[in-house]
Amino acid sequence: MANKLINETGLPKWIANIFAARNIITAKDALSITEFELMELLDVGLAEVTSAIAHISEVVCPPCQTALYLMEHRVQHENLAGHLPTRLKGLDDALCGGIPFGALTELVGPAGIGKTQFCLKLSLLASLPPQCGGLDGRVIYIDAESKFISKRLIEIGLKSFPEIFHKKGMAQEMAGRILIFRPTSLSEFTESLHQIKLLILQQQVKLLIIDSMAALALGEESGASRQQTLGWHVSFIKSLAEFSRIPVVVTNQVRSQIGYEACLYPFQVAQSDAGKKDNAARYDSHLVAALGISWAHAVTIRLVLEAKSGQRFIKLSKSPMSPPLAFRFKINSSGIVLLDNIGMELKGPDINTIHFQGQNTLFSVEGEKLQ
Amino acid sequence: MEKKESSRQICGKDRIIALEGTDLDVPESKASEILKYVSQTSRMDGSSRSPATFDGAQTAWAMLSEENFLPCITTSCLDLDNILGGGMRCREVTEIGGVPGIGKTQIGIQLAVNVQIPIEYGGLGGQAIYIDTEGSFMVERVLQIAEACIEDLSEYAHLHKDAQDCKVKMHPNNILQNIFYFRVCSYTEQIALVNYLDKFVTEHKSVKIIILDSVTFHFRQEFDDMARRTRLLSEMALKFMRLSKKFGLAVVMLNQVTTKFIDGSFQLTLALGDSWSHMCTNRIILYWNNNERYAFIDKSPSLKSASASYSVTSRGIRNSSSSSKRIKMM
Numbered sequence: 001m002a003n004k005l006i007n008e009t010g011l012p013k014w015i016a017n018i019f020a021a022r023n024i025i026t027a028k029d030a031l032s033i034t035e036f037e038l039m040e041l042l043d044v045g046l047a048e049v050t051s052a053i054a055h056i057s058e059v060v061c062p063p064c065q066t067a068l069y070l071m072e073h074r075v076q077h078e079n080l081a082g083h084l085p086t087r088l089k090g091l092d093d094a095l096c097g098g099i100p101f102g103a104l105t106e107l108v109g110p111a112g113i114g115k116t117q118f119c120l121k122l123s124l125l126a127s128l129p130p131q132c133g134g135l136d137g138r139v140i141y142i143d144a145e146s147k148f149i150s151k152r153l154i155e156i157g158l159k160s161f162p163e164i165f166h167k168k169g170m171a172q173e174m175a176g177r178i179l180i181f182r183p184t185s186l187s188e189f190t191e192s193l194h195q196i197k198l199l200i201l202q203q204q205v206k207l208l209i210i211d212s213m214a215a216l217a218l219g220e221e222s223g224a225s226r227q228q229t230l231g232w233h234v235s236f237i238k239s240l241a242e243f244s245r246i247p248v249v250v251t252n253q254v255r256s257q258i259g260y261e262a263c264l265y266p267f268q269v270a271q272s273d274a275g276k277k278d279n280a281a282r283y284d285s286h287l288v289a290a291l292g293i294s295w296a297h298a299v300t301i302r303l304v305l306e307a308k309s310g311q312r313f314i315k316l317s318k319s320p321m322s323p324p325l326a327f328r329f330k331i332n333s334s335g336i337v338l339l340d341n342i343g344m345e346l347k348g349p350d351i352n353t354i355h356f357q358g359q360n361t362l363f364s365v366e367g368e369k370l371q
Numbered sequence: 001m002e003k004k005e006s007s008r009q010i011c012g013k014d015r016i017i018a019l020e021g022t023d024l025d026v027p028e029s030k031a032s033e034i035l036k037y038v039s040q041t042s043r044m045d046g047s048s049r050s051p052a053t054f055d056g057a058q059t060a061w062a063m064l065s066e067e068n069f070l071p072c073i074t075t076s077c078l079d080l081d082n083i084l085g086g087g088m089r090c091r092e093v094t095e096i097g098g099v100p101g102i103g104k105t106q107i108g109i110q111l112a113v114n115v116q117i118p119i120e121y122g123g124l125g126g127q128a129i130y131i132d133t134e135g136s137f138m139v140e141r142v143l144q145i146a147e148a149c150i151e152d153l154s155e156y157a158h159l160h161k162d163a164q165d166c167k168v169k170m171h172p173n174n175i176l177q178n179i180f181y182f183r184v185c186s187y188t189e190q191i192a193l194v195n196y197l198d199k200f201v202t203e204h205k206s207v208k209i210i211i212l213d214s215v216t217f218h219f220r221q222e223f224d225d226m227a228r229r230t231r232l233l234s235e236m237a238l239k240f241m242r243l244s245k246k247f248g249l250a251v252v253m254l255n256q257v258t259t260k261f262i263d264g265s266f267q268l269t270l271a272l273g274d275s276w277s278h279m280c281t282n283r284i285i286l287y288w289n290n291n292e293r294y295a296f297i298d299k300s301p302s303l304k305s306a307s308a309s310y311s312v313t314s315r316g317i318r319n320s321s322s323s324s325k326r327i328k329m330m
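Those protein sequences? They're chains H and B, same order as listed.
The first sequence begins at 1 in the UniProt record's numbering and counts up by one.
The second sequence begins at 1 in the UniProt record's numbering and counts up by one.
FYI, nobody ran anything at the bench for these hints, they're computed from the structure.
Among the clues, some could well be false.
[Stated by the list, open to error] Within a straight-line C-alpha distance of at most 20 Å, the following computed EDC-like cross-link-like pairs (lysine to aspartate or glutamate) qualify:
{"#": "1", "chain 1": "B", "residue 1": "Lys199", "chain 2": "H", "residue 2": "Glu37"}
{"#": "2", "chain 1": "B", "residue 1": "Lys205", "chain 2": "H", "residue 2": "Glu58"}
{"#": "3", "chain 1": "B", "residue 1": "Lys239", "chain 2": "H", "residue 2": "Glu37"}
{"#": "4", "chain 1": "H", "residue 1": "Lys13", "chain 2": "H", "residue 2": "Asp29"}
[Claimed, not checked] Among the chain H residues that face chain B by a calculated CB cut under 10 Å, a handful are:
{"#": "5", "residue": "Leu31"}
{"#": "6", "residue": "Ile33"}
{"#": "7", "residue": "Glu35"}
{"#": "8", "residue": "Phe36"}
{"#": "9", "residue": "Ile56"}
{"#": "10", "residue": "Met71"}
{"#": "11", "residue": "Gly102"}
{"#": "12", "residue": "Lys238"}
{"#": "13", "residue": "Ala241"}
{"#": "14", "residue": "Phe267"}
{"#": "15", "residue": "Ala290"}
{"#": "16", "residue": "Gly292"}
{"#": "17", "residue": "Pro324"}
{"#": "18", "residue": "Pro349"}
Think of the CB as a built atom: it goes at the ideal place given N, C-alpha and C, for glycine as much as any other residue.
Produce the entire structure from the sequences given, and follow the hints as far as they go.
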């Protein structure tokens, strides 16, 4: 809507012509400068500018929906009321049914914790026929880290949904619905995003997975320009999710916290010097999610996968519909399995920190099982 | 007193004289009649409004009585309401910022529900506009909070044994019906919407709160020219300010945080820069203090700087568990 042409908004001809003469063609052009600047530029009175802007605004502004309409629409027109169940019962309950459509869900965790396993399972779930609780659609899987292993996908399918995968031709059918893109740089990914957009609009794509965003973004030059390109991608992906009403799952890497990382506001520093001790304590062993705070704000749901004292945990660290909860999980041949369905409620810094202790012992045991 | 009257008369006379000066050709008898009328009406006005020297101006005394009757929207967290002087105040623009996951959207949704608490229960019985720039508005969550709110209200009604009929009126679906949701997908749409809201609120007079979640998202992504961004943001803030005064509604803007190098170390600060920090009337920062969520009044012309703990429960925003324990102990 932002790119709507001014002469198509039904504005009186004479003033539309003045806009055109000053090379203000789209609504975006007109709304990107203040009314005062516009007055100067167009050389017309404030009243005329205000009424013209009011007119353009009314045409461009998004439609109003009541929350009730949103809910009823979802219940009536969408599979499973707008959620993709993960089949991890505790997690699904906390998320009101699963990964929500139209939103950005992020999986963060150290290498080897099970992010890709989770993604593989999700792509199978989205491609399953509806009678098995799936979305019966195609999946687009952006595999930036070359970690997608089809063999493992089939294995998870055979173990988790034997009734389907043992049917003749079904494994092929299911796996055939998953489309894998392997961009090697962010710019390649950006190009493919436009194709993906078309695919999503044309075909029955029901899930988009990006594994991982960090691998794509961290390859770029660091600094402000990276934040900006990242910002553009977040915006684009979010609007893609929104308009096609599909769930989007993005994975993210971790990095170690560097020195005195910002975690206090100036007034907190002033309030107590004890803050510094906290900082020092945090310094030693913790990991934080990569891609920075602006990205963290942009994701709707953040799931942290971590390992602590020989146990793996999946934590709902940011979610608009659930308190922060942690669930123990393990990985077996059928993918991620929760060990208990009642989450432990988390408090304070625990919600965001990512532990990675005792992983080695745990990994060797699990690794043997896997092979 | 006499002086006041005479000054008012002169004020009225001045106006007439000015009129006469332009084009008004009336006989003297009529003119004095008009003058009499003018002085009368100005006296009548004087009881409610003090003599305005020009349109739109108001004396501090008149504002005082207005300020005393500013309606508030409760946050459902008593401690937070206490430091805010009763809740989110109408006719003011409040900015709330904090790290991801601290509960900004939760507070936004809670306010959108609470503005609808009927007048019989001490609420405003209004409607809410929710502007979602991030896509984080979850109807499921609104439903949870609305149901909890109705439960609390009926408990209250039970205690006070009155207003039975309200029970029927308040249904979760009604609450959802009264939240007007706009999904904004670019900063252009955001600006367009602010311009359009004037008309929208004129048509929906019972809207008492506008929640912008968040003001930051699009303005953080799409700009190269920071000076232009600041100009657009301040124009937008002024428009929100005007809306809040014109319709007597509360405006709540949620903001993200960023890091800034202050005094030799990186510290957290709300996004959009220093000139933006002047824009809102009140600024509240949400932060973690050990295991508790806290809200801190960073800036306010009327409230003293204070902080209070709160918690995000499955029923919405509530007092933090430790503070309720403390009260119980006392």
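Do the hints match the structure? See the list:
1. B/Lys199 / H/Glu37: The given pair, whose Cα atoms are some 23 Å apart, is violated under the 20 Å limit.
2. B/Lys205 / H/Glu58: Holds, at about 18 Å.
3. B/Lys239 / H/Glu37: Satisfied, since the Cα-Cα distance of roughly 16 Å is no more than 20 Å.
4. H/Lys13 / H/Asp29: holds (18 Å)
5. Leu31: Constraint on H/Leu31 satisfied, holds at 5 Å.
6. Ile33: OK, holds: H/Ile33 within 10 Å of chain B, min 7 Å.
7. Glu35: holds (7 Å)
8. Phe36: holds (8 Å)
9. Ile56: holds (7 Å)
10. Met71: Cβ of H/Met71 sits 4 Å from chain B, so the hint holds.
11. Gly102: holds (7 Å)
12. Lys238: With Cβ-Cβ at 5 Å, under 10 Å, it holds.
13. Ala241: holds (7 Å)
14. Phe267: holds (6 Å)
15. Ala290: violated (14 Å)
16. Gly292: holds (9 Å)
17. Pro324: holds (7 Å)
18. Pro349: With a minimum Cβ separation of about 7 Å from chain B (threshold 10 Å), the hint on H/Pro349 holds.
Checked against the numbered hints listed earlier, the structure breaks hints 1, 15; every other hint is satisfied.
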